[in-house]
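Undergrad: Chain residues, written in single-letter form:
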Amino acid sequence: MDTLLEMKNIKKYFGEVKANDGIDLDIQRGEIHAILGENGAGKTTLMNILYGLYHPDQGEILIKGEEVQISNPKVALHLGIGMVHQHFMLVPPFTVAENISIGLEGQKLYKLDLVDIEDRVRELSQKYGLEVDPKAKVSQLSVGVQQRVEIIKVLYRGAEILVLDEPTAVLTPQEVKELFIVLKNFVVDGGTVIFISHKLKEIMEITDRVTVLRNGTKISTVHTKDTSEKELARMMVGKEVLLKYEKVETKKFEKVLSLKDVYCKNVKGLSAVNGVSFDVYGGEILGIAGVDGNGQKELADVISGINEIDSGEISLNGQNLNELSPYERICIGLGYVPDDRRGVGLLTPFSISMNLAIKHISQQPYKKYGLLNHAYIEQNAKEIIAEYQVKTPSGQVPVSNLSGGNQQKVLLAREISCQPQALVISQPTRGLDIGAMEFIHKTLFRKKSDGTAILLISSDLDEILEVSDRVLVIYEGTIMGEFIPGLIPIEEIGLMMAGVVKKER
Amino acid sequence: MEIPSEVRKLAIAAVPPIVAIVLAFLLGSILIFAVGVSPIVAYRSMLDGAFGNIKSFTEVLVKMYPLLLAGLGISIAFTAGAISVGAEGQILMGGLATAFVGTYLGFLPAPLLIPISIMAGFLAGAVWGIIPGYLFAKKGLSVVINTIMLNYIAHYLVNFFINGPFKEPGGYYPQSPRISENAYWPSIIPGTRLHIGIFVALVAVICVYILMKHTPLGVKISSVGVNQKASRYMGIKVEKMIIIALAFSGGLAGIAGAGEIAGIHHRVLSGFSSNYGWDAIAVALLGKLHPFGIVLSALFWAALRVGANNMQRVTQIPVSLVVTIQALTIFFVLISEMWQHKGKLASVTHTFLKRKSIS
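Listed in order, the protein sequences are those of chains A and B. Positions 110 to 614 (our numbering) are the ones given, in order, by the first sequence. Positions 1283 to 1641 (our numbering) are the ones given, in order, by the second sequence.
In silico lysine-lysine, DSS-like type, Cα no more than 27 Å apart, as pairs:
id : chain 1 : residue 1 : chain 2 : residue 2
1  : A       : Lys477    : B       : Lys1291
2  : B       : Lys1495   : B       : Lys1519
3  : B       : Lys1511   : B       : Lys1570
4  : B       : Lys1291   : A       : Lys491
5  : B       : Lys1522   : A       : Lys374
6  : B       : Lys1511   : A       : Lys377
7  : B       : Lys1495   : A       : Lys476
8  : B       : Lys1421   : A       : Lys374
9  : A       : Lys244    : A       : Lys286
10 : B       : Lys1291   : A       : Lys500
11 : A       : Lys377    : B       : Lys1421
12 : A       : Lys491    : B       : Lys1495
13 : B       : Lys1519   : A       : Lys476
14 : A       : Lys477    : B       : Lys1495
15 : A       : Lys476    : B       : Lys1291
16 : B       : Lys1519   : A       : Lys374
Here are the computed distance ranges between Cβ atoms for each label pair:
id : chain 1 : residue 1 : chain 2 : residue 2 : range
17 : A       : Asn375    : B       : Glu1521   : 20 to 26 Å
18 : B       : Arg1290   : A       : Gln488    : 19 to 25 Å
19 : A       : Lys377    : B       : Phe1315   : 56 to 62 Å
20 : B       : Lys1291   : A       : Asp559    : 37 to 43 Å
21 : B       : Cys1489   : A       : Ala484    : 18 to 24 Å
22 : A       : Phe362    : B       : Val1297   : 53 to 59 Å
23 : B       : Lys1291   : A       : Gln167    : 34 to 40 Å
24 : A       : Leu213    : B       : Tyr1438   : 54 to 60 Å
25 : A       : His187    : B       : Val1297   : 42 to 48 Å
Read the hints as simulated data drawn from the structure, not as lab findings. Glycine is no exception: its CB is placed at the ideal position from the N, C-alpha and C atoms.
Pulled out of the complex, with its shape left as it was, chain B reads as follows:
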C-alpha cells in the first residue's frame, strides 16, 4: 500500500551516495592523469578486475561478505545512536569462536556443525558488543573508546591463542590447527573461494530489514537513536535498547568472522580480518544505514578492493589510489549530508559523529 512512497524515499536517499561516488572518481581521475596514465584505461582495468570474469566476480562477493555483515551490524548500532567502531574486534572474536567450535566439536556432522559455527560466531561477536553496551548503559562510559579498546584486546587475544594454547600442535607458524572439514562452509562454485556465507549474509539483510523497519523492537532502537530523553519519557528502556542494539551489531560482525574462518582460511591466522571491520563503517555510512543500501555499498567497496589489484597490475598505479577514492567518497557523502541539512554542520555531526551522550 505504501510501496510507491517507500521506493521513492529509497531512490531519493540513493542520490547523494551516487553523486559522491561519481565526484570521487572524477577527482581520482585527476590523480591518475597526474601520474601519466589515462583514467579511462585505469578505471577500465579496475572494472575488468572486479567484473571481468566469473572468477574475479566471485572474489568480489567473497570480500563483500564480511563487509556486508559487519556493515549491517554497524548500521544497527549507529541507528541506536551508539557509535560503535568495534566491528574489527567482533569479527576477530567471532572467527576465534568458530575456530574453537570447528576444532573441538569437529566430530559433529556438517549439517549440525555449520549452524553451530554460525551461532558461535554470533555469540562471541555479541559478547564483544554487549561489553561496551553494558559499560555505557550502567556506567556511562564512551562506546567509541571502549569499542576501540576492545578491538585491541581481541587482536592480542587472538595472537595469544595462536601463539599459545590454541597453536597448531607441532606447527612452526603462529596459527591454529586446521578446523574439521565438517565445519567447512561449502563453496558455491567449485574452484573459487565463494562460500555459502554470501547467502547467510543476504538472509541477514532481510532479517535486519524486518527487524529495523517492521518490528516494535526496531522502532524502539531507532527511537533511542533519535532522542534518548523522549524515548525514556515514552516508556522505552533506553539502556536495554542500546545493549540489544550493540549485541546484534557485534553478533552480525561475529558471523562475518565465522565465515572468514569456516569459509576461507579454515584456521585462525594473525590478522585474518584484514581491516574489514574498519571498512565496514564506511560501508554502513555510504549505505545510509539502510540494509538495502548497505548491500550496494558493500558490493561497491568489495569491487574497489578487488579491482584495485588488477589496476595495479595493468597500469602500475598503486592500490593506495583506491583508498584515496574510498576516502573521497565518504568525504562527499558527509558533505551531501550537510547540504541536505541546509548547511547545518551540527546536524551532520549529529547524524554521523556526535551522538554525544553515548559516544
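Chain A on its own, in the form it takes in the complex:
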C-alpha cells in the first residue's frame, strides 16, 4: 500500500468554534477508511474541505505526494475525489442518465448525448454491482437506489477516492449489505473509500482503518482488526459509554392511545398511512421501526392533529380525537415531540423560557392579570434547565444558540412538563451525540415507569431495539409485523423493513 492522500494540520474555525483544530489524516490506496466521531466532531467539515466546499484556515492537502489547492468541487473531481452527501443532490423528475449528465464536462451545447451516458451507466453498474436502470426517473426510485445513482454519478466522473457521508443512515439492513458489496468491489478494482459514520458495527464490519475525531481534533488512527467496538466508543466520546440499557420492567396499565384502521395522506396528497391499527398501553414503549419515508412522519402528524385523518379512528383513553385540533389534543393529554425540532418543535429565535412556556401561554400561572407572568416563566425555565441539564447560561438564551442535544432536551422537557398520558416521540435522537442520546432514553424510561404510554418512532433500528418493549415495523404506510426485541433475528426485521411479507419469503 502507498499513501494516496494526506491532509496535514488542517484547521478550520467558524467564529469561536474550532470545527477542525489541526487534524492529520492519511489515506492509503485501496483501503476503506472510516472517519468516526460524534456529531460536531468535525467529520463532515474535514470532508467538505477535502471536497473543496470549505477552505481550510491552515494546513495542506497532498495527493500522491504533491500539494494541491482544492478550491471547489470541480477541482476535487479532477483530482479523483468524489463525494456522496448525506442529503442527495438529485433532480427528481429527471431520469438517472439525465441526472448524471448535469454538470458533466465535454457535453455539446445543443445536444444531450444520453445514449452514451446510459451505456456507461450500465457498464459501471455491472462492474460494481450497482443495479440501476439509467432510464428510470429518480423520483420513482427508492432511497437506496438513489444513493446508488449518487455513487454512479461520482464514479462516472472517474473518482478514485469515494467519500461517503453517513451513507447507511437511510438504508435498510439489506441495502446496507448491498452497499458494502459495492464498496468492496470498488476497492478490489483499485479504488479507495472514505467512510464517515458513527455506527460502530458497520465500521467494524467494513473498514480497514479508522480515524477517530473528537471536538475537532484527531484522537487516533487504528487498524480495525486491532480494535473493538468498545474501544472505538471510548475514543469517540472520551469515556466508557453504556450502549445497553437494563430493561425496566413495569406493570402494564390500561390501553391509552389507540388507532383503528387509520388512513391519511402526505403533503403531496398521496396516501401515506394505509390502514394502521395499534394500541399503546400505559407503562410501555411501543417502537415503530422502518426506513425513513415510509409514513412515519405522517403517522405522527395525524396522531398529533397536524395532518388530517381520511378515515379510521384515533382515540385517547377512549375519547375520539378525530375532530379535535392539535391544541385540544394537547389539553386532554397528548404530548408530541416532532422529528423536525428546529422547524416544527421549537421557535428557534425565541428564548428557552418562552419555548417552554408557549404551549400554555394563555393559561394561569403563565399569565397573570392578562399579562405574561415573566417571573413564573423564568422560574419554570430555571427548574427545567436544572432538571434536564440543559447547557445554557440562562433561560433567556435563544434556542437557536443551543446545540442539537440541548434543543432536544428543551423540547422533550416541554412535552413532558405537560404531564401527557400518551407521548408520541419521533426520531428523538437523530443527530445527537451519545451522551445526549442516553439522557433522552433514560427520560423515556422514567416516564414509562410513571405509566405514560410512549410511541417511539425512529429509523435508527438500534435505538428501537434498545428502548422499546414492543416493536411494529412500518413499510409504505402499513404495519408489516410486530415483535418483541431480542426474540427474532435481525434479518427477519430487515426483511420486514424492506416490505417483504412473510408468505413471499
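Add chain B to chain A, keeping to what the hints say.
TA: For chain B alone, kept in the frame of chain A given last:
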C-alpha cells in the same frame, strides 16, 4: 429584574440604524457637494428647519403623528409575518370614517365625539386590514397584493365620496363638508397645528409595547411570524392570529387617518394622507419593528420631511435630495441586517421581504 439585559438588547439593536443614518448622510453630503453647496450649510439649514424654533418643531410632531401610528401598525403586521403595505389605504379609510362621524354625529358634545372619532378611525382601518387578513387566512391570497389593491380601492372610494354623495353641499371643490367643531381634536399649542393626536400616538406606543412584549396574544402573534408550522403544532391558531394582527395594524393606521381629518384638515380632501402610509413602512423597518424604535424613527423621518423644505428655501437644493437620503438609510439598514445574519441574504429577505407563505 431583567431590565439591564433588556436595555442592552435595545442599545445593540439601535446601532445598525444609527450607522445607516450616518452613512446615508455622508453619501448625501457628496451629492450636496456635487451641486456646489456646502454640506454643512445644507444640513444646518435642515436641522434649523426641523428644530430651529418651537413652530417648526411642532410641525415635525404633526408629521410624526401619522408616521408613528401607521408605523406601529405595520410593525405588528410584519411581526406576524404578514407583509402589509396597506397603511395608506387604511389611513384614508380611517379619515373618511372620522369625517362621516364628525359630520353626521356633529351634535354630540366634544368629550363624547372625540373618542367616537378615534374609534371610527380605528374600526374603518381595521376593516381594511381584516379583508386581506381574511383572504389570506381562508383563501391563501397574497397579503402584499391585496393590500396594494385595497390602497387603490380606498383612494378611489374617497374620491367617489367627495365628488358625489359626501361632497360639500353647494361647494365647488371636490371635498367633504367641514366636520362639526365638536369633533375637532383640540390643538395643544395655540397658533400651531399640533393637536392632541400626538398624545394618542404615544398612548398607542405604550399599548403596542405591552401587547407585543407582555401579553400572551403578542407572543402568539410573534410566534406565527417566526414559524407558522411550529406555531400550528403548538396549538396556536395561525389564521386567527394573522387576522388579528392585520386588524390591529389597520386600526392603528386608521387612527392616523382620523387625526389627519379631525386634527388638521377638518374635512376630507383628495389625497389628504400625502403618502404617510408608504413612508410608515420605512419608519417601521428603521425602527426595527420595536415600538420604541419606531418613536425615534418616526421623529427622524418627520424631521427630514420638515427640514427638507427649509433646506430647499435656504440652499436651493431640491427636496428630492432628502428622499435620496431616506432611501439610502433604508438601503443601509437592510445591508446591516445582512451583516448581522452573517451575510446570508436569505435571512434578510426573510426578515424583511419574503415571509413567503404569506406575502
